[in-house]
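Engineer: One letter stands for each residue in the lines below.
Number of protein chains: 2
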Amino acid sequence: MYPARTPIAARAETLYAAMGPGIEISGGSAANTVVGAAAIGVRAGYIGKVCADQLGDVFRHDVRAAGVAFTTPPARGGPPTARCMILVTPDAQRTMQTYLGACVELGPDDVDAGAVEGAAVTYLEGYLWDKPAAKDAFRKAMALAHGAGRKVALTLSDSFCVERHRAEFRDLVDNHVDIVFANEAEIVSLYQVASFDAALAAVRTKAARINVLTRSAKGSVIAAAGALHQVAAEPIDKVVDTTGAGDLYAAGFLAGIAQDRDLATCGRMGAIAAAEVISHIGARPETSLKDLVRARVGTA
Amino acid sequence: MYPARTPIAARAETLYAAMGPGIEISGGSAANTVVGAAAIGVRAGYIGKVCADQLGDVFRHDVRAAGVAFTTPPARGGPPTARCMILVTPDAQRTMQTYLGACVELGPDDVDAGAVEGAAVTYLEGYLWDKPAAKDAFRKAMALAHGAGRKVALTLSDSFCVERHRAEFRDLVDNHVDIVFANEAEIVSLYQVASFDAALAAVRTKAARINVLTRSAKGSVIAAAGALHQVAAEPIDKVVDTTGAGDLYAAGFLAGIAQDRDLATCGRMGAIAAAEVISHIGARPETSLKDLVRARVGTA
Chain A
1 MYPARTPIAA RAETLYAAMG PGIEISGGSA ANTVVGAAAI GVRAGYIGKV CADQLGDVFR
61 HDVRAAGVAF TTPPARGGPP TARCMILVTP DAQRTMQTYL GACVELGPDD VDAGAVEGAA
121 VTYLEGYLWD KPAAKDAFRK AMALAHGAGR KVALTLSDSF CVERHRAEFR DLVDNHVDIV
181 FANEAEIVSL YQVASFDAAL AAVRTKAARI NVLTRSAKGS VIAAAGALHQ VAAEPIDKVV
241 DTTGAGDLYA AGFLAGIAQD RDLATCGRMG AIAAAEVISH IGARPETSLK DLVRARVGTA
Chain B
1001 MYPARTPIAA RAETLYAAMG PGIEISGGSA ANTVVGAAAI GVRAGYIGKV CADQLGDVFR
1061 HDVRAAGVAF TTPPARGGPP TARCMILVTP DAQRTMQTYL GACVELGPDD VDAGAVEGAA
1121 VTYLEGYLWD KPAAKDAFRK AMALAHGAGR KVALTLSDSF CVERHRAEFR DLVDNHVDIV
1181 FANEAEIVSL YQVASFDAAL AAVRTKAARI NVLTRSAKGS VIAAAGALHQ VAAEPIDKVV
1241 DTTGAGDLYA AGFLAGIAQD RDLATCGRMG AIAAAEVISH IGARPETSLK DLVRARVGTA
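Chains as they are written, first to last, in the working numbering: chain A, 1 to 300; chain B, 1001 to 1300.
Please keep in mind that the hints were generated in silico from the structure rather than gathered at the bench.
A couple of the hints might just be wrong.
Which stretches of chain A does chain B cover? Using the computed rule of at least three CB atoms under 8 Å from a CB of chain B, they are [to be verified]:
no., region
1, 9 to 22
2, 56 to 64
3, 113 to 124
4, 280 to 291
Calculated pairs, BS3-like style, for lysine-lysine (alpha carbon to alpha carbon, straight line, at most 30 Å) [to be verified]:
no., chain 1, residue 1, chain 2, residue 2
5, B, 1151, B, 1218
6, A, 151, A, 140
7, A, 238, A, 151
8, B, 1135, B, 1151
9, B, 1151, B, 1206
10, B, 1238, A, 238
11, B, 1290, A, 290
12, B, 1290, A, 238
13, A, 238, A, 206
Predicted model, so just to flag it, every value in this text is computed and none were measured.
Built from N, CA and C at the ideal position, the CB exists for glycine as well.
Pulled out of the complex, with its shape left as it was, chain A reads as follows (with noise of 0.2 Å):
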C-alpha cells in the first residue's frame, strides 16, 4: 500500500498484513464533514491537499460526487494520498493508525479567499494544526472568514491533539473561533481538569462563542449566549463503527447553522446525522441525510 521501502512503510506493510479483510472508503475528518453537510442540503467545499495518485483521484471523486466543491491541487511527487488503517471490533470501537502523507503539504497558497469569504462557517480541522504551513494557512482563513464577516468553527480533533498543542488550542479557542467542537476527552484536556463538568464551566466562560460538546451515547451539550442546551443522542438499532460520528455530528450541526436554525435544532441535526453514520462501516453517509433531517426536525 506504501509506495516507498521507509520505516514507516514497513510498519504499514506489517500492521496491513495482520489486518483482516478490508474495506477501502474516503474519510478524513473534515472531508466528512463537509460531506455530510452537503449530504443535509447546504453548499459546501473543502479545501485539503492529496498527491495525484490513484487513492487522491478516488478521494476527489468521492467528495465531489458527494456534491462538495474542491479544487485544491494535487501534489504532484513528494508524499502519496494520506491513509488511515481502521481496526473496528465487534463492540464498534475503532483504533485508528493514519499515514498523513500529502494533507500536511497544504499551505496558505491552498486558501481560496473566496470561497472562505462566501461561507457562513470555515470550518477547521485541529489535526491539521501542526506544520507551519498548515497553521498559516489556519491563519489566513480565520483572518479572510472574520474579515468578510463570517464565522470559524474549529474541532479539537484529539486529545493527543490538544496534549501537543495545548497552549496554541486554547489561544485558537479563546481568542479566534466562533464555535468549537469537542468530545469530552478534549475539552477536559484543553483545560486540564478532572470532570467534564468543570471543562464544561470552563468553556462556558466566554458567553460570546458557541461551545459544542459531545459525549457519545450521553448525547451532546450545546453552551452559547448563557443558555445550556442539552441533546440526546439518536436511538439506533445497533452501532456497527463509531468512525466518524464526531465528523458527522459537527456536520449536522454546521449544516443547522448555515440555515440559520436554532441551537438546539441544529445539535438535534448533529445526532440524527452522527447516527447514521455509526449504523454502518465507515465515515460517510450511506443513506439520504436530508430525507432524516427533514422527517426528524423539518425543513428550515
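On the provided structure of chain A, position chain B as indicated by the hints.
Structural biologist: Only chain B this time, still in chain A's reference frame:
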C-alpha cells in the same frame, strides 16, 4: 482510476465521473466464493491473476486475510488489476461495468497441480471462458481434478457468457463437470428454452451431475441422482445490495459439499451465505458465516 488513455480508459473515466460516492471492496466472482467458503470454515485456495499494482496488493491482502491460500504470481507490466464499477439502486439491484485487466492473462502455467489435486472440488468461473489461455487453464484444472478422483464445479456466471459460448458451455456442462451452478436466466439461455421448468427438465437428464439452480427470492432447486430438493431463500430484514448473491450461494453450497453434508443442507448453507451478503454493500461477508451456519444447520 485507469492508467492509460485508451478508449476504455476514457469511457471508464466518464462513467466514474457520473457515479456517486463509492466504496472500494475486493470482489471477483470466484474470489467471493472462495472467501465465503473459507469463512464457513473449509480450507480454500484461489487461482487467479492480478497485476503487481495497488489494487492487486489490496486484492491479495483481502483474500489471504480471509484465510484463502493464494499464490498465483502477479503479472508485472501488462494490463492493471481488474476493477468493476457497480451501481446499486435503492431496490438493491446492481448494474456492473467490468474491466477485466490482468484477469485474462491467466493461463495453464498458473494452475497449481498440487492444489487442484488436493481439493475436494475445483470450482471454475464461466466469466473466464473467453481467451484460449484461460480455456487451456480450465482444461488443465479439470484433467488434474478428475485424474485425482476429485469433483469439478462450474458456474455459468452470466447469461451473456452463456450466449457467447453456448455450444462450448453445453459441452462443459454435459461432458466435463460434476456440479453446475446457474441462475434462471443462465440455464434458460443454455438450453434455449422458454421457461425455468423446461430448463430444469433439460438439465436433469444427466442424473450423475449435481445441478444447482438459483432463483433469487424464490430460493433454489437442486436436481441430482433423480431427486429434486427445493430450498427456500433465507429470510432477511432488508435486501441492500444483491451483488455477490450467486457467488455466496456457491460458497455455502461448496462448503457443504467439502464437509460431506447432504444436498438439501448444502443448499441451505448456500441460502444462508447469500442472505448475509445481500444484507449489506459488497460481495464479501461481513459477519461470521461460520456462526450463522452453526446456529442454523449445526456443525458437519
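Engineer: So, for every hint listed, does it hold in this structure?
Structural biologist: Right, here's what the structure says about each hint:
1. With 6 residues having a Cβ less than 8 Å from any Cβ of chain B, the region 9 to 22 of chain A passes the three-residue criterion, so the hint holds.
2. Chain B is given as covering the region 56 to 64 of chain A, and this holds because 5 residues of the stretch bring a CB closer than 8 Å to a CB of that chain, at least three being needed.
3. Residues of the region 113 to 124 of chain A lying with their CB closer than 8 Å to a CB of chain B number 0, which falls below the three-residue condition for coverage.
4. Figure legend: the region 280 to 291 of chain A, annotated as covered by chain B; annotation consistent (5 residues with Cβ-Cβ distances under 8 Å, at least 3 required).
5. For the hint linking residue 1151 (chain B) to residue 1218 (chain B), the alpha-carbon distance of about 28 Å falls within 30 Å, and the restraint holds.
6. For the given pair, residue 151 (chain A) sits about 14 Å from residue 140 (chain A) by alpha-carbon distance, which is consistent with the 30 Å threshold.
7. Distance restraint check for residue 238 (chain A) and residue 151 (chain A): the Cα-Cα separation of roughly 35 Å exceeds the 30 Å cut-off, and the hinted pair is therefore not satisfied.
8. The straight-line distance between the Cα atoms of residue 1135 (chain B) and residue 1151 (chain B) is roughly 18 Å, inside the 30 Å bound, and the hint therefore holds.
9. With a C-alpha separation of about 16 Å, the suggested pair residue 1151 (chain B) and residue 1206 (chain B) falls inside the 30 Å cut-off, and the hint holds.
10. A C-alpha spacing of about 15 Å is found between residue 1238 (chain B) and residue 238 (chain A), which places the hinted pair at or below 30 Å, so the restraint holds.
11. For the hint linking residue 1290 (chain B) to residue 290 (chain A), the alpha-carbon distance of about 38 Å lies beyond 30 Å, and the restraint is violated.
12. Restraint check for residue 1290 (chain B) and residue 238 (chain A): the C-alpha separation of about 21 Å stays at or below 30 Å, so the hint holds.
13. Restraint check for residue 238 (chain A) and residue 206 (chain A): not satisfied, since their Cα atoms lie roughly 37 Å apart, outside the 30 Å limit.
In summary, the structure is inconsistent with hints 3, 7, 11, 13 from the numbered list given earlier, while agreeing with the others.
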